Structures are given as structure tokens and as C-alpha cells.
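Asker: Residues per chain, in single letters:
Number of protein chains: 2
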Amino acid sequence: MSGEEPLTQQQEPEQVKKPDEPPPVAAPAPAEAKPESGSSRPAAAEEEKTISYRALVLTGYGGYEKIKLQVKSMNKSQLKAGEVLVRVKACGLNFAELLGKQGLYELLPSPPITLGMEGSGVIEAVGEDVTNRKVGDRIIAMNRHGMWQELAVVPANRTFPIPEAMSFEEAAALPVNYMTAYMMLFEMANLRPGKSVLIHMAAGGVGIAATQLCQTVQDVTIFGTASASKHETISQGGVTHPIDYRTKDYVTEIHKISPKGVDIVLDPLGGSDSQKGFSLLKPLGMLIVFGAANCVTGQKKNLLAMAKTWYNQLTLNTLKLMQTNKAISGFHLGYIHDEELFKMTLIKLLELYQQGKIKPRIDSCYHFEEVAEAMKRMHDRQNIGKIILLPEPKKSEEKPKSNAEAAENAEKNEAAVSEKKEEPAEEVETEKD
Amino acid sequence: MSGEEPLTQQQEPEQVKKPDEPPPVAAPAPAEAKPESGSSRPAAAEEEKTISYRALVLTGYGGYEKIKLQVKSMNKSQLKAGEVLVRVKACGLNFAELLGKQGLYELLPSPPITLGMEGSGVIEAVGEDVTNRKVGDRIIAMNRHGMWQELAVVPANRTFPIPEAMSFEEAAALPVNYMTAYMMLFEMANLRPGKSVLIHMAAGGVGIAATQLCQTVQDVTIFGTASASKHETISQGGVTHPIDYRTKDYVTEIHKISPKGVDIVLDPLGGSDSQKGFSLLKPLGMLIVFGAANCVTGQKKNLLAMAKTWYNQLTLNTLKLMQTNKAISGFHLGYIHDEELFKMTLIKLLELYQQGKIKPRIDSCYHFEEVAEAMKRMHDRQNIGKIILLPEPKKSEEKPKSNAEAAENAEKNEAAVSEKKEEPAEEVETEKD
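Sequence order for the protein chains is A and B. Under full-length UniProt numbering, the letters of the first sequence match residues 1 to 433, in that order. Under full-length UniProt numbering, the letters of the second sequence match residues 1 to 433, in that order.
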């Protein structure tokens, strides 16, 4: 399932960080070079030649310096049946990569490994037996890892066409956060009109996705924790009761507003927060634990934080559950292997996007060279919405796109898309048919 | 909430078991004795007199002999505001009473206590402030206990008018079993088209209710455990795959048919069966434990069975839940205190009944004198459907209604209702307006 396994991997000893240089990427094959637009095989011999591309590789566990920007090379003809080659335009940063960097994400193979679970881009080549994707298609791609690179090989069934109006940044922000929120709210829990939901880290990627999805159901009350500076934004986004978890006890605050508690708790924190979440549930309510963010304190693995989170982990027997009429569940997208479920969920999300009911909020965009800054921003909980990584090399004069600027871009997709068409790295888009 | 607390209780030293005698119950006040049909107060002084009635009282923990048929007396004028007096026509037997008899049902006050959580009958008097019920209404009544008596005092908001076509036996069979099944399937779990459900004890009261409710949703696959002799009946009732748990390992059998397992497990057994149920769940599936039937082996409290059930009780931490994407929950109707939820659920169930989508299956009807036989039948898992207790004294020539006869009655409600009208104890029905 790895996008890089079939490829020749040339790891450079030193981190590549040359933002001023042109991208070391071969020009895409022009569309007219293909004899048949529907053909799935490289037609001309010159296409067989090796192409190089940049990738963000985790080289060991530890601090940000363990993630290195490296140049790799591959041969398009190595594409296997059922695979597609994607020129990646934008990638999503997830909490899983913060955990992975510290060696705490058990689904990530040992380093060296290219990170990244989601991205968007344009299909540059298709392997045998791929009939539903063609060169030039704008797509969302998901993979177990390996999306943080300019060129990624992914199974065709893990790619999904994106609507015209959706920017690459939005597309890269959608899969992990929105699928997680959707499956939790509508597959595991049973969100219906009139219910109440506690969303921790309500300004984070899953938090904002969950807030938007809650609003697709009538009369849902949303309690959202976030630091005070983010309250205005999350209120505008739909959080009914923002709570500053840094200065107030959220259990007390929620009980003041709703003495009986809440119906659903989405808990990415783990440890003692799971216990508090359980105590907050109304009868017939459900706590969904989907992370252990409390484990991540500093930059490196913190054994004390881990032990504390583990020790305080909610452990319940069925008698206690019966006496309280409550449900607990765990959710981890990485352990879902049902391709049909992935597909149906993403199709549903793209429909909701087109109906204007959901819209990924982009917090900021960082070039690959700035990955440490991007991760630090998430680690320090500074983001409101999704942090995006851009494979395109940073231009020397360019300021990092973040905050207000990125938010503005997210609100003006079409403008953003047309703007990008002027940039050289976006030439591949002209291949679209 | 007890129906008997406000009443004078005259406990007889010996068990009353005189089926040949006429019922020691005062004749109901004729409707025309009331000056205003809407009046909620006893109008005439003669109504104030003490009336006596029969009740099934748990006198201590142990075998069937601990439940005694006693004659009590009360004064109608003792009715408090918000209460109604119900002449009970039929009562439901639940597993909770088997547990209660052994001292294993923690919600039941200490003996002596009148048993019974559900019943049906006719309203004989209404207390102050009761505006939505009137004398003569045919109703379902629920209470924490105290329904196994000829006259029961219950809060008016725990009574629900029953449809014309519904017999008293059906009405008494509905509340506990169908509310339990409904809340589990539609409030806790999220039963939707195409899902699969494992129903243990599929021929029991909750089992049959759950089977019928599953069929209100399209394409639900039902696995049901029951002994082989019941398979034909439960198949006809809608169980897709009946499994004989006595001769086969149900985990193996289910995996043969559905290698990925099931979406929902309804588990009234507890102990090691909860562990098996959890192992059978598909990702995003839910195990609902709603009993510990495995505790009940013999007639009396069995410490070994309890210890074994307790020891094998499913205990999970959130990490395990995350890694498997599963949910566990507990359900216990006795711990639900949300009156609005009760009301809405029962109204929904009565709608489904009137639409012909659900219909309680009566296994057998026993008179109060035969309560030991009734409980033994449930304890030995001989029933298919609900066991009903009738306050009406047994006539000497009458055979116990059971099995085929009772099933026939259940299919011919109207016949059953009209038949009962000929019996003297049913005269109260003529009060209906």
C-alpha cells in the first residue's frame, strides 16, 4: 500500500533545503505525447526515463530535524496494475505525523519512511487495469503513508475526483479530518436532531469538520473547547458554547449550561479527559476516544506523559456501562480497512461540499521546506483549521501563507485556483481533458 | 414511585391459593355513581370504603415459594395527586423478577415487596391533577415494581392508552421487552439498512421484540440463538440464521456465514458471552450488554455462577477500542429516568403496532396462583415469546393457557377480548366510555 515501495529510493545524506533553486523535478510529459488519451501505459520510450522528485522523509524518531527533505527518483514504467501516479499539489498535516515523528504511531513502518496520509493533485500516469481514472484528473488521494512527496504512487481506488470548485488545498484538507468526524458522528454515534456534542480541540482539523457536520443535523448543540483567542472564530463556525479549557474546568462549565450533560463526546485527548468525558455523558450517550493527544507534550517522546495518559486511560466493565446506560467506543481511521466504507464516506462528503454544507477551513499553507514550522504550529495548538503542506518549492520572496491570508484563500477557492494556474509548477493542470 | 406505599397492607401469614373461590375484590363503582365523568375525586362516601385485592409479594430471597399470593386492602381516597388506580388485567413476567427473587436485582427494594414492572388494565380512579386519563381508559402501566396485583396505584404519566385492537395480554407484553429492544437498536446502536444483528435468546421476550424491530429496517440480517426446537418459530418470526447454541459454537457458525462478523450484538448473557460478542463485531460495530442471565443457573443465588460471570465480565480500555474501532455499551431500562424518552418510545411502539409492524407474541398466560410455574418456564428457557400473569383467579376447570393455545389467542386478539368480556372479573370494562 506504500506509495514508495516500488520506486528507486536515493536518499541523500543531508537535508535538502534549497528554496531558492528551481524544483528538481522532470517536466511532465505533454498530453499530446500520448497516442491515445485513454491509454493507461507509457507509450513513448522517452517516458521510461528516470524522474526525480522531492519527498519529506522521517529518518528517525525525535525532533523536527528528523524529517528531511530528500530528492528521490523513480521510473514511471514501474507503476503496477491498479496504481496511479499522482503529481501532488497539496498535502494534509495530521496529528498522526506528530505521533509518528516521536515513534508513537504504530501504523507507520520504521524510518526511513515518507510521511503523509492524504493529499490532492493531478494524475500523471495510470497503471494497467485502471479504467476509472485518467491522466489529468484532479483527485484526492489517501494512502497509509507516502503522500508528502511531489510524485506519489497510490492505488487507484484510493483516489477520488474532486469538484471543479474545490481547491487543491481544500481537497487535501478533507479526507482524514472529515472522514474521521463523519464516521464518528454518523456511523459510531447516532447523531440526530436535538442532540448535544462535546468537541475537544474544536479549532483543530477534526474539530472544525465535526462542527460543520453537526450542523447538517437540526438543533444540535455544540460545546467546543479551545483557547480563548479562537472562540470568536469557532463561534462563527457553529460552536454553540465555546469553552476555554486553559482557564476553566470544562466539566463544570458544561454542567452549568446543561446539568444532564451531553449525548456525544468526541475525545482526541485520552487519559483523564476520557474519564471526564464519560462522566459528562447523558444516559444513552456515547464517548468516542479517537486519539491520545495528551501523550504529546514536548517535541520528543515523553515517557511520563505517556505513562500518565496510559494510567488514566478509561477502563470500564460492562456492569458499570449497564448501570449508567452509556457507551464507549474507540475510533482510528488507520485501522479501518473497508474500502467500500471509505469510498461511500468520501462520496458523501464531496456531496456535502457541493451542497455548500461543509467547507474545509485552511489555517495555513507551508512549503515542504517549512515542515518543521508547520508541525510546530500544530504541536503548539496555534492553528484554527487545517495545516497544509505544499510540495512546490518556496520562492525566495514568498512569505509563508498563514492565518488570515490562508483563510481568505479558503474563502475564495476559485480565485486561488486561477491564481495558481499562473505558477509554473501548475502546468500539469493543462493536461486535464 | 411504588404503587403500594400509600396503601394499607395487610399481609396474611399464609399463602392464599384458593382458585375455586370468587375473587376477594370489591365490585368496581359503577360509572353512573360519578356525578361528573371528568371529576377526578371519589364523589360518594361509600367509595371511601376499604377494598381488598390480591397481590404477588416477594417475601424473601430464594426459591419460588418465596413469592406468595396475598390479599391486601386499600382505600381509594388515598390516591395522591398525579396518580391513577388501575384494575390490572394482565402483567408481564420479566427476567428481572427471576433475578429479584434471588436477591440479584439491585433496583428492587428489600422484601416484602410486590413484584411486577409492567401491566395493562383499566383505570378505576384518578387522583387530583390528572387531566389526561379518565376512569374506564384501557391503558398500559409501568412502574418500578408493584404491578403484579389486582389493583395498582401508578403515576398517571406512567400509563399509556392502548389501541382498540390490542388485547390486555399484548399490552402487558409490550413495555419492558419492546422498549428495551427499541432503545438498544435505535438509540444506542444505529441500526440502518444492510446491517447485521446477533440476538441471543431470540425466542425470549426481548429476542422476539428485537427480531420484529429489526424488520422495520430494510435488509437487516438477523442471527438468533435458541435451542433447536424453537428454530422453526423464530425463522417464521424473521430470524435469518437460527443457531442452536446448545449443540454448536455460535461464534464459529456466524463466522461461517459472515466471515467479517456482525454489526450489532445484543447480549443479555454477560460473562464470557460478552467477550465472544465483542470478538464477533465488525469495525464500527457495537456490543450492547443488557443483562447477566448467565448468573442465573439454579433456583437460588448461585455464588459460583455469579463469580464466573463477574470474572469473565468484559473489561476494556479505550486503546483496545481504538485499535478495533468498536463500541461497547450497557443498557438497563431500570436505570433510565427520562420520562419523556419513555413516553416517546412507547408512543412510537404503539404506532408500529397499529401499522402492523410489531405484535407481541404471547407464549403463555398463567394465573397469579401459578406464578411458580410461569417463572420456572422462563427459568428453563421453555418460552417462545412473553409469559403473562393474570390477576383473575383461576377457575377450577380451567387448564393453564400455554403454548399453542396462547399463541392462538395472541393471533386472535379480538376473539380473546370478547371472550374475556363474558368473565365476571372483567365487568370493569363496561365502565369504558
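Because the hints were derived from the structure by calculation, they are not lab data. Take the hints with a grain of salt, since some may be wrong.
As the list makes no split between identical chains, a pair holds if one copy fits it or if it spans any two.
To be verified - Straight-line alpha carbon distances no greater than 27 angstroms define the calculated DSS-like cross-link-like pairs of lysine-lysine that follow:
(1) K394 - K260
(2) K68 - K256
(3) K395 - K348
(4) K282 - K343
(5) K76 - K348
(6) K80 - K276
(7) K320 - K282
(8) K343 - K260
(9) K320 - K68
(10) K320 - K276
(11) K248 - K376
(12) K348 - K282
(13) K343 - K276
(14) K76 - K260
(15) K49 - K276
(16) K348 - K260
(17) K68 - K376
From a predicted model like this one, the values you see are computed outputs, not experimental measurements.
Asker: State for each hint whether it applies.
Answerer: Consistency of the hints with the structure:
no., hint, result
1, K394 - K260, "neither (52 angstroms within a copy, 47 angstroms between copies)"
2, K68 - K256, "neither (48 angstroms within a copy, 48 angstroms between copies)"
3, K395 - K348, "neither (37 angstroms within a copy, 64 angstroms between copies)"
4, K282 - K343, "between (33 angstroms within a copy, 18 angstroms between copies)"
5, K76 - K348, "neither (32 angstroms within a copy, 61 angstroms between copies)"
6, K80 - K276, "neither (49 angstroms within a copy, 40 angstroms between copies)"
7, K320 - K282, "both (14 angstroms within a copy, 23 angstroms between copies)"
8, K343 - K260, "between (37 angstroms within a copy, 18 angstroms between copies)"
9, K320 - K68, "neither (48 angstroms within a copy, 33 angstroms between copies)"
10, K320 - K276, "both (15 angstroms within a copy, 19 angstroms between copies)"
11, K248 - K376, "within (25 angstroms within a copy, 56 angstroms between copies)"
12, K348 - K282, "between (29 angstroms within a copy, 21 angstroms between copies)"
13, K343 - K276, "neither (34 angstroms within a copy, 30 angstroms between copies)"
14, K76 - K260, "neither (59 angstroms within a copy, 37 angstroms between copies)"
15, K49 - K276, "neither (58 angstroms within a copy, 55 angstroms between copies)"
16, K348 - K260, "between (33 angstroms within a copy, 24 angstroms between copies)"
17, K68 - K376, "within (15 angstroms within a copy, 73 angstroms between copies)"
Comparing the model with each numbered hint stated earlier shows that hints 1, 2, 3, 5, 6, 9, 13, 14 and 15 do not hold.
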